[in-house]
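If you're matching positions, the sequence shown starts at 5 in our numbering and goes up one per residue.
Read the hints as simulated data drawn from the structure, not as lab findings.
In this text the structure is predicted, and so the values were computed from the model without any measurement.
Among these hints, one or two may not hold up.
[What the hints assert, rightly or not] The calculated lysine-lysine pairs, modelled on DSSO-like cross-linking and capped at a C-alpha distance of 30 Å, are:
id : residue 1 : residue 2
1  : K89       : K69
2  : K89       : K43
3  : K89       : K63
4  : K69       : K81
5  : K43       : K69
6  : K81       : K43
7  : K63       : K81
8  : K63       : K43
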Amino acid sequence: MKNVSEEPGQESTETEVWELRLYVSGQTPRALTAFANLKEICEEHLAGRYRIEVIDLSKNPQLTKEDQILAIPTVIKRLPLPIRKVIGDLSSTERVLVGLGLRPLKR
């Protein structure tokens, strides 16, 4: 397992909880893949220090505009700041880590 740190200039603590929102539209294969990929990445790199809220835009279409969602699936890191977005099925771990502001540390 790789250790993870925040980007330079940001402080991180071992107890910091990451709040993530995953925006999908229904339980499509792509939405389910994105959720599974996000959960796997979080388990490996945040070790239980995260919360994932799944927002189904087919049930709450007004959130598309309110939360500025341009494509789905999209994950938004709400906490810790700064807010970051990653669009897609989240299959590239490196892309997701960089997009969310996490970087694996080299041992």
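Status of the hints after comparison with the structure:
1. Distance hint between K89 and K69 is fulfilled; the C-alpha atoms sit about 15 Å from each other, no more than 30 Å.
2. Taking the CA atoms of K89 and K43, the gap is about 16 Å. The hint holds against a cut of 30 Å.
3. For a cut-off of 30 Å, the pair hint linking K89 to K63 stands: about 21 Å separates their Cα positions.
4. At most 30 Å may separate the alpha-carbon atoms for a hinted pair to count; K69 and K81 meet this at roughly 17 Å.
5. The hinted pair formed by K43 and K69 meets the criterion: a straight-line CA distance of about 26 Å does not exceed 30 Å.
6. The suggested pairing of K81 with K43 holds, with an alpha-carbon distance near 13 Å, which does not exceed 30 Å.
7. For the hint pairing K63 with K81, the CA-to-CA distance comes to about 21 Å; that is within 30 Å, so the pair holds.
8. Distance check on the hinted pair: K63 and K43 sit about 22 Å apart at the alpha-carbon level, within 30 Å; holds.
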